[in-house]
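K.L.:
Top line first, the protein sequences correspond to chains A and B. To convert, note that position 14 of the first sequence is 15 in the numbering used here; the numbers rise steadily by one, no gaps. To convert, note that position 41 of the second sequence is 424 in the numbering used here; the numbers rise steadily by one, no gaps.
Simulated from the structure, these hints should not be mistaken for laboratory data. Treat the numbers as computed from the prediction; the structure is a model and nothing was measured. Treat the hints loosely; a few may be bogus.
[Claimed, not checked] When the alpha-carbon atoms are kept at most 20 Å apart in a straight line, the in silico EDC-like pairs for lysine to aspartate or glutamate are as follows:
id: 1; chain 1: B; residue 1: Lys398; chain 2: B; residue 2: Glu468
id: 2; chain 1: A; residue 1: Lys102; chain 2: B; residue 2: Glu455
id: 3; chain 1: A; residue 1: Lys112; chain 2: A; residue 2: Asp56
id: 4; chain 1: B; residue 1: Lys400; chain 2: B; residue 2: Glu451
id: 5; chain 1: A; residue 1: Lys102; chain 2: B; residue 2: Asp439
id: 6; chain 1: A; residue 1: Lys69; chain 2: A; residue 2: Glu59
id: 7; chain 1: A; residue 1: Lys6; chain 2: A; residue 2: Asp60
id: 8; chain 1: B; residue 1: Lys394; chain 2: B; residue 2: Glu468
id: 9; chain 1: B; residue 1: Lys394; chain 2: A; residue 2: Glu43
id: 10; chain 1: B; residue 1: Lys440; chain 2: B; residue 2: Glu455
id: 11; chain 1: B; residue 1: Lys400; chain 2: B; residue 2: Asp446
id: 12; chain 1: A; residue 1: Lys55; chain 2: B; residue 2: Asp483
id: 13; chain 1: A; residue 1: Lys57; chain 2: A; residue 2: Asp25
id: 14; chain 1: A; residue 1: Lys6; chain 2: B; residue 2: Glu427
id: 15; chain 1: A; residue 1: Lys72; chain 2: A; residue 2: Asp32
id: 16; chain 1: A; residue 1: Lys69; chain 2: A; residue 2: Asp32
id: 17; chain 1: A; residue 1: Lys102; chain 2: A; residue 2: Asp32
id: 18; chain 1: A; residue 1: Lys39; chain 2: B; residue 2: Glu427
id: 19; chain 1: A; residue 1: Lys102; chain 2: B; residue 2: Asp483
id: 20; chain 1: A; residue 1: Lys39; chain 2: A; residue 2: Asp60
id: 21; chain 1: A; residue 1: Lys69; chain 2: A; residue 2: Asp56
id: 22; chain 1: A; residue 1: Lys102; chain 2: B; residue 2: Glu451
id: 23; chain 1: B; residue 1: Lys400; chain 2: B; residue 2: Glu468
id: 24; chain 1: A; residue 1: Lys55; chain 2: A; residue 2: Asp25
id: 25; chain 1: B; residue 1: Lys398; chain 2: B; residue 2: Asp446
id: 26; chain 1: A; residue 1: Lys6; chain 2: A; residue 2: Asp25
id: 27; chain 1: A; residue 1: Lys57; chain 2: A; residue 2: Glu16
id: 28; chain 1: A; residue 1: Lys57; chain 2: B; residue 2: Asp483
id: 29; chain 1: A; residue 1: Lys39; chain 2: B; residue 2: Asp483
id: 30; chain 1: A; residue 1: Lys102; chain 2: B; residue 2: Glu427
id: 31; chain 1: B; residue 1: Lys440; chain 2: B; residue 2: Glu403
id: 32; chain 1: B; residue 1: Lys440; chain 2: B; residue 2: Glu451
id: 33; chain 1: A; residue 1: Lys55; chain 2: A; residue 2: Asp85
[Unchecked claim] Far from chain A, some chain B residues (derived; all Cβ distances over 12 Å):
id: 34; residue: Ser445
id: 35; residue: Val472
id: 36; residue: Leu496
Even glycine gets a Cβ: it sits at the ideal position worked out from N, Cα and C.
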Amino acid sequence: DQQVKQNSPSLSVQEGRISILNCDYTNSMFDYFLWYKKYPAEGPTFLISISSIKDKNEDGRFTVFLNKSAKHLSLHIVPSQPGDSAVYFCAASRTTSGTYKYIFGTGTRLKVLA
Amino acid sequence: GAGVSQSPSNKVTEKGKDVELRCDPISGHTALYWYRQSLGQGLEFLIYFQGNSAPDKSGLPSDRFSAERTGESVSTLTIQRTQQEDSAVYLCASSFGGPDTQYFGPGTRLTVL
Chain A
2 DQQVKQNSPS LSVQEGRISI LNCDYTNSMF DYFLWYKKYP AEGPTFLISI SSIKDKNEDG
62 RFTVFLNKSA KHLSLHIVPS QPGDSAVYFC AASRTTSGTY KYIFGTGTRL KVLA
Chain B
384 GAGVSQSPSN KVTEKGKDVE LRCDPISGHT ALYWYRQSLG QGLEFLIYFQ GNSAPDKSGL
444 PSDRFSAERT GESVSTLTIQ RTQQEDSAVY LCASSFGGPD TQYFGPGTRL TVL
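With these hints in hand, go ahead and build the complete structure from the sequences.
P.N.:
Right, dumping it as structure tokens:
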């Protein structure tokens, strides 16, 4: 049972335009969400997080939106740059369980075209 | 170094052999995680250590998999009697615990022939 889903395996965007990466989850108990970026042959690196008490968090070019009723979050990158080309993973956790175990999605490969 | 390190970076083994993968977390990080990423798949949670608490082993796929952690330092992931389906990149991450950001190592690519 895939509790965190990224239904788009890949996305291509022109440089300077907006990239929107989507993530859906099934467990309504998840209350903390993160996005990670991964380059080939490297470990994932943290991008941005959001708690379920918020519906938006912004950090520079990156904004994460959370729609709890739809169990959906999205990552917006504006403007997109060629260096943003990577695989993006969303992850979710139920922090009230005390274990802080993260469930990751399958990733979306973003390609930003120059 | 300041980051999470893992060794070896690559491991090729024959089916049926045991392997040990090592993770050195960031100093001071109380939480340590193991994940694996199979070809074309996402990150699959394996095990989570938090301080002196009993580890969360709920992600280990079979009893051939085990992990140990010495205090709040090094961790080893052991796979016994390896199978071809164990081939994957094994990633370790550490954090200060709680919902804090996890910092990942570069991973160990395991190939079982």
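K.L.:
Take the hints in turn and mark each one as holding or not.
P.N.:
Verification of the supplied hints:
| no. | hint | in the structure |
| --- | --- | --- |
| 1 | B:Lys398 x B:Glu468 | holds (10 Å) |
| 2 | A:Lys102 x B:Glu455 | holds (17 Å) |
| 3 | A:Lys112 x A:Asp56 | violated (27 Å) |
| 4 | B:Lys400 x B:Glu451 | holds (19 Å) |
| 5 | A:Lys102 x B:Asp439 | holds (8 Å) |
| 6 | A:Lys69 x A:Glu59 | holds (17 Å) |
| 7 | A:Lys6 x A:Asp60 | violated (23 Å) |
| 8 | B:Lys394 x B:Glu468 | holds (14 Å) |
| 9 | B:Lys394 x A:Glu43 | holds (16 Å) |
| 10 | B:Lys440 x B:Glu455 | holds (17 Å) |
| 11 | B:Lys400 x B:Asp446 | holds (15 Å) |
| 12 | A:Lys55 x B:Asp483 | holds (17 Å) |
| 13 | A:Lys57 x A:Asp25 | holds (16 Å) |
| 14 | A:Lys6 x B:Glu427 | holds (13 Å) |
| 15 | A:Lys72 x A:Asp32 | holds (11 Å) |
| 16 | A:Lys69 x A:Asp32 | holds (9 Å) |
| 17 | A:Lys102 x A:Asp32 | holds (12 Å) |
| 18 | A:Lys39 x B:Glu427 | holds (15 Å) |
| 19 | A:Lys102 x B:Asp483 | holds (11 Å) |
| 20 | A:Lys39 x A:Asp60 | holds (18 Å) |
| 21 | A:Lys69 x A:Asp56 | holds (8 Å) |
| 22 | A:Lys102 x B:Glu451 | holds (17 Å) |
| 23 | B:Lys400 x B:Glu468 | holds (13 Å) |
| 24 | A:Lys55 x A:Asp25 | holds (17 Å) |
| 25 | B:Lys398 x B:Asp446 | holds (16 Å) |
| 26 | A:Lys6 x A:Asp25 | holds (5 Å) |
| 27 | A:Lys57 x A:Glu16 | violated (24 Å) |
| 28 | A:Lys57 x B:Asp483 | holds (18 Å) |
| 29 | A:Lys39 x B:Asp483 | holds (18 Å) |
| 30 | A:Lys102 x B:Glu427 | holds (11 Å) |
| 31 | B:Lys440 x B:Glu403 | holds (17 Å) |
| 32 | B:Lys440 x B:Glu451 | holds (11 Å) |
| 33 | A:Lys55 x A:Asp85 | violated (25 Å) |
| 34 | Ser445 | holds (18 Å) |
| 35 | Val472 | violated (9 Å) |
| 36 | Leu496 | holds (21 Å) |
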